[in-house]
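First to last, the sequence lines map onto chains G and Z.
Going from the first sequence to this note's numbering is simple: count from 1 and add 16.
Going from the second sequence to this note's numbering is simple: count from 1 and add 3.
Be aware that one or more of the hints could be misleading.
As a list, the in silico DSS-like pairs of lysine-lysine whose alpha-carbon atoms are at most 30 Å apart [as the list claims (entries may be wrong)]: (1) K231/G x K168/G; (2) K70/G x K99/G; (3) K393/Z x K291/G; (4) K393/Z x K294/G; (5) K393/Z x K99/G.
These are computed hints drawn from the structure, not numbers from a lab.
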Amino acid sequence: MPYPCAASLAGRTVSLWLFVLTLVLLAGPDFPPSPTSAADKLIIYSGRAERLIKPVLDAFTAKTGIQVELLSSGTTELLNRLKAEGDRTPADIFITNDAGSLELARTAGLLRPLNMREIDRAIPQQYRAPDNSWVGLSGRFWIIVYNTTQVKPDQLRSLLDLADPKWKDKIAIPNSGSEYLQAGVSVIRATYGDERTKQFLVGLRDNGGNQVYQKSSQIVEAVAKGQVAIGIVNHYYVYRHLAMQPGAPIAVFMPDQQEGGMGSIMNVAGIGVIKQTKHLESAKLLVEFLVAQAGQKLFADLDKEYPLHSEVKADPALIERKSFRAAQVPLMRLAELREPTLTLIEQVGLR
Amino acid sequence: MTTIRQQLSSPLQLVALASAGLIILPLGYVMAQALSVDAVVWGRLWTTRIPELLFNTVSLAGSVAVITLVLGVSTAWVVTRLEFPGRRFWEGALVLPLAMPTYVLAYLYSYLLGFGGPIEHLWQFVAGPQARLFSPHSYLGATIVMALDTFPFVYLLTRSALLNMNLSFEEVSRASGVSRLWTLWRVTLPLMRPSIVAGLALVILYVVSDFGAVSLLRYQTLTYAVFQQMTGRSDNSAASILSLFLVSLALLFLVTERWFRHRSRFYQTTGHYRSPQRHQCGWPGTVLATGYLSVILGAAFAVPAYLLVNWSFSMQAQATLDGRFMGFVSNSALLAAFAATGGVLIGLPLAYLASRRPSWLNLGCLQAAYAGYVLPGPVAALAVLVLFTKLVPILYGSVLVLIVAYVIHFLPAGLQSLEPALQQITPNLEEVSRSLGLNVRDTWRRVTLPLVRNGFIVAWVLMFLQTMKELPATLLLRPVGFDTLAIRVWLEASEEYYQLAAPAALLIVIVSLPALLLLVSKDWRAA
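Same shape as in the complex, but just chain Z (with noise of 0.2 Å):
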């Protein structure tokens, strides 16, 4: 049996080692590029765009993740620590935001804030009819679109945060005669601080990596230049030494979050502990509760998918819905099936080793796999690119260069789901049914199979739902006739065709509501 179980052990072993090759290939390849060119390359990217470019990215990075910090930590505030009719609901509703790509937000955006658009009409209205609004597309425009769809991440960690916070320091303190504000601010605050950071480390990272909003409102970050400079030089240079920086910066925030996070658990595991009781609101708190959050939602999800809704039922829009949109649809759907279910398949035998068989190697595997994270939508395309040109040239232009790309991608995502999954099937599970007469292949359909089911499907979905919404990315790599729904969405709405660009927005965003019901039952960090 021994003797079996290793011959059967190397071949997986080989094929870990082959997909975290996979994964790690490429990044090294693009790294190794950017280290390799000329001197002159690096001083005249160093002198004109890197100090702006990073500038940039670190601002817009910045005031996204206090405006996230203030919107994120007060929903998540007043929807665990008050009582008022229809809280459960707004509890809730305040993920939806998720549900909209950075894109299409940002082109909603660039028409609500644009020059002659309704919010200006609602300003000229009350500051009198001269009066001008900032331009959606800056970085205050930028950093808007951004927080509004983002604060959710900050929302959801520190809503878990309050709700399995250990009651009893808070009693403690307010027992001792400290004031209900002072308690916040010296004992919840301090309590949850490793979450709020994990999430805004999330959120930074998120911004760090858009290519969607930035690219539509014209917001000079790294991602995009890296994504100009793909699509505007002969040469990829330029575009793989911005892709350095670029990681670097991910990584760092990487590892931020991760080191948050980690630290976040030690505070919720301490002992038994009852709920925190909700503070019941009369109606003056009812109405202010609900308007501030009516307020919030509203500027994220709700004006926006109105607006999508109304435009996707436009003349114009209802042209466009003809056999070519379908074809659009089923690109979208044919990729996305084919990116998660390699996803899954790639990332099965790194999550599986690594949990059976802990060993450095395997785990570090696993670790290359978390790869994706630190690689942009840009970067992941300018990797697979540089590398199939250099060692399998046959495959460039397929397919299947997309698809490893997005498995690049989007693998972090899966294995999130995939990883806990797996390590439910501990050994004891199955030498139980063994013992009690079922044989192997009744253990596997019975036992094994149903335990990491949901996991898969978690895995599988989150996957699909991400590629189907991935922008750079596609553009870059997609073979002739294989436009996406994203790719429509941003070629009309890049020219401002915001009518035409509505309906397959709209779609994204429909398909992409049950996922959230997942994010909010688990997986909240693979939007």
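Looking at chain G on its own, in the form it has when it is part of the complex (with noise of 0.2 Å):
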């Protein structure tokens, strides 16, 4: 009997960890997300920032009563996500920031086609999918934001003039994992060609040097500070920076707009419901109020976009949306884009 207290020691261990692994096991996929019953709550997976979509969220649980749980993240990655939980995702909602995303969530056949007079009747059609399996909510240009201190207007013209060697270590740019980048980029491929897209994606990495960014805002801050003379984002974070320091001296430019130009990049953010939800009432009703004039209204307020809803102004200190042209490239065809956009990315080497 050399060991009698470890064959105790071992028996204890053994049933004792698999009793607890057994229970962690068994708890695991129906663990509780949150104290509060998750059960009845909408929940949304969100590639916009959260600071720009919970208002317009809490408004709809204030008018309706129906919670929301937020999992905001990059839209990529949560379309990576909807694809392996598959029929097992908890979310109801996706709400991006790119309509290519969304459609590609479509083609992959994650999000539920919707019969709603609603929708038909406040979004125009080139901004929604055709079977309405997603639907625009807001319009957004990629613009370029400039100090007004450092540059003059009638510097700039096209997006494609910022690969000029002039502007060398004097433009921010978002990097490449961004979706309205890849976005822009597509787009830009589409009007004229791989081959002058890939001269601009060379020389945009050459100017931007280490100015790449995550984050747009970050982008408007650098401009604001006079760190950089400009940079490219979407329209509302400089309107968004500009409601909150008045002074500050950054401007829009709306590129591409001179004779033959290509117009400037549109993208939409939008929403589509997850195939599989359980609460497809609340589902709708939230597509509804968003799409709404007063939800659209909410949009345009706080966000500084586009609302799509014809009857919606947009906020007066817009560039009025009638005063400039968009790009002539179906919304649908960028997740088709997608791909070779990403490719021709990697080669040019965008951080």
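Reconstruct the complex from the two isolated chains, following the hints.
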């Protein structure tokens, strides 16, 4: 009897260990996501910055009493997650900052077509999927933000000119993982072809140097501080910055409006209902709320985006929507253009 | 009895094997995936990203190593070889930077060193209004932040080497007429070399696997690139290729560290000797030493901590301290508690078998558990993600996946304390207890348990705190409604809402402080 206690310790360890493991395994899948009951909450995967979407969702909760649970993360990351979770996803709603990602979700069969008159009436056809699997909620333009003390607007014309060496170390750009950079490059490719786009990206890469940012708000901040002269961002980040700091020396330049130019690059933030949702009625209510005039007005006022509802006016501070052209590449095409665009971005070595 | 023992040992063996499998399988899976990726993708990555990323990672690690070497060795020398008022305070205070996660220090420095920030203002006061500082979002910025955060590793190892060194070597040298400086160079430093190199390898391992600082300072390293590939691309093939490089690099430094740590033990176990005498400083020496230590500790801890406290009490920050914030606190605590408990439960059979029945199989299982050291957060997340989606997709998106990633990632830290604790319980002690008339249950309660208890508690606490600070795996794997304090800090800081990030960051630092006691007392490797 050399190790009497060793045997006993081993026995106890094993039984305790197995017991706890079983417990964890049993509890794991149905682990309650939060102390309050998650069962009747609407679960939203959102690729939009939390502070841009949460106030709107809070307004929805206040109006309908429907609680929402928000998982904010990168759009592509959430798309990957939805694919991986498949039928078992807890998500009811997918909100993104990019139409291409929504179209990819639709082609992957993740979204549920919606037959709702409210959508057809409110949102023009070109801003939603033909079967309403996804619906655009607000329009954004990929613009040049410039520091008014360093740059005059007549020095600017087209996005493609920003590849000129004269902007070396004077421009801040988003990192290559950002969906609107990918969408923007896709539009340029569709308009001018791969060769021209590649030249543009190489120039942009060299001019940007290490001024490559994860967040658009940081780019605007850098331009406002005079750290760089110009940056490429979505327009609303500029207006949001100006709303908080009215004196900031920044302004929006709407690019590519010259004769024969492609027009400004437009994208939409949008929403899709997940196919497997167990809360279809609540989900539909949310979509309805967001496309209706009141919801559209919220987006316009809070986020400084262009509402897609034809009767809702954008914030008066914004450049009048009718005064400029948008590029003629349908939003639906952003999905199929994505993969070759990523390859091109990687070839160029954009960060 | 023998048959019972055999019966009992085999399930335990199975459990150990399963645990080791759980840890090694995801790693193997990612590696296999990387190697099976199409050659075209390999070629593209090889010509575009990999050289730049390898260069960035290695050069950051190199420069941080040089700075931590200077800071760590010099501070250790000051507190062990000089005597001046306040010496004991500094001796303890120099580990404080370890309480600050890299992402917290990085975000504070992107304000301090930032464009138009306080340090630039100070510099313009000296060098004229047009003077510009370097951007913190650069190689230099990342180097400074990582060096300030990690030099205590070198400090701790060098300090203990200096304290345990046999003084007679130096005395012989001095008695033979060699000057003080030359003695330092020819005798003292070579004796400490293994400890210093071990400390440096640890620093490098830490830098190579860091995600928090490089992501906030936008410095492209392999670890950051793995994260970006996972979040920016629709498939994980590029991420797994980069992971392969990262793991190889980390393995290289882990082996280096182990090798030198092993050698460093050799020097310290020789004979009986008296502790070194400290040189009594006059007031100029005191001022010099205090000034030097203040500058370093001010930059690495005091100023950042002051800023955190200040921001935490700002109006904007106070407004965020609502029920939602409490939810983040309880999420952090809950996840960390689960991970720590899971880690102890998985580590126990591994460490127990390796110490009681050190067969090659059991030792192999134990070594497998140390794989976490070469799995930086994003890679651990990728590994677990890939494995779960392939094998048990039903669990994907649940808390369990995240906890498994934590356990894999932090088990080495726990094992560091579990292993020695279990080695203490030799069978002899239990046999003595039995022969003195205690039954099995009482032996366990009065002999075995008290012996291992402290080791367990230390292991649990260390894993708890590391999990609480963890960032990349949490970002990638958190289920709905499971934002933690670390996540909040990163989300707010990455949009430069500095004040809003402060309360969560401050809480993390405060909770981490007790762990430093453990760290200084024994398990310094685990921060």
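Each hint, compared with the structure:
This hinted pair checks out: K231/G and K168/G have alpha carbons roughly 25 Å apart, not beyond 30 Å. The suggested pairing of K70/G with K99/G holds, with an alpha-carbon distance near 24 Å, which does not exceed 30 Å. A hinted pair counts as satisfied when its Cα atoms are at most 30 Å apart, and K393/Z with K291/G qualifies at roughly 22 Å. Between K393/Z and K294/G, the direct Cα distance comes to roughly 25 Å. Compliance with the 30 Å bound is thereby established for this hinted pair.
Our distance criterion of 30 Å between C-alpha atoms is met by K393/Z and K99/G, whose separation comes to about 13 Å.
Checked against the numbered hints above, the structure violates none of them.
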